[in-house]
Amino acid sequence: MDKPWMTSKWFVSPFNYDSSMVPTPLGVKKVEFHDVTLRDGEQQAGVVFTKYDKIAIGRSLNRAGVDRVEVGTPGFSSEDREALRALVAASLECKLFSWCRNNRLDISAAKDCESWGVTIEIPASEVMMKGS
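With the first letter of the sequence shown counted as 1, position 122 gets the number 122 in this note's numbering; the numbers rise by one all the way through.
Derived by calculation from the structure, the hints in this document are not laboratory data.
So the derived label-pair ranges between C-beta atoms look like this:
(1) PHE33 <-> ALA89: 19 to 29 angstroms
(2) ASP2 <-> ASP112: 37 to 47 angstroms
(3) ALA89 <-> SER13: 32 to 42 angstroms
(4) SER78 <-> TRP116: 17 to 27 angstroms
(5) PRO14 <-> ALA89: 37 to 47 angstroms
Here are the simulated DSS-like cross-link-like pairs (lysine-lysine), alpha carbons at most 27 angstroms apart as the crow flies:
(6) LYS95 <-> LYS51
(7) LYS111 <-> LYS51
(8) LYS9 <-> LYS130
(9) LYS95 <-> LYS29
These numbers were taken from a predicted model, which means no experiment stands behind them.
From the three backbone atoms N, C-alpha and C, an ideal C-beta is built for every residue, glycine too.
From just these sequences and the hints, can you work out the full model?
Structure follows, in structure tokens:
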């Protein structure tokens, strides 16, 4: 198989198979947990979180000791903007992240909501770059 990262059933980034890109565990002093439940969990069929659900789940993740919580996509969701602002106002210990497409509108929305950081989607697979 010349492209083990791509089969008829699934594909992942070819960088997952590049030995120069895969880190070794040597020297790791601390592992941080970056939870994506509030964004990725909502992408499951039939799952919809309200602003209040996101606030409650975000607070629970904070109490559980999660280091970083990806709240959602403030660039195209007013509910995510409201939930992120409410969680920022709660002064939680965890760092609050926003998921952004690679554009100024999304990143500006995250900044306006005082997101601690952003996760930026930059398509790198052949399939994503072809727009399928």
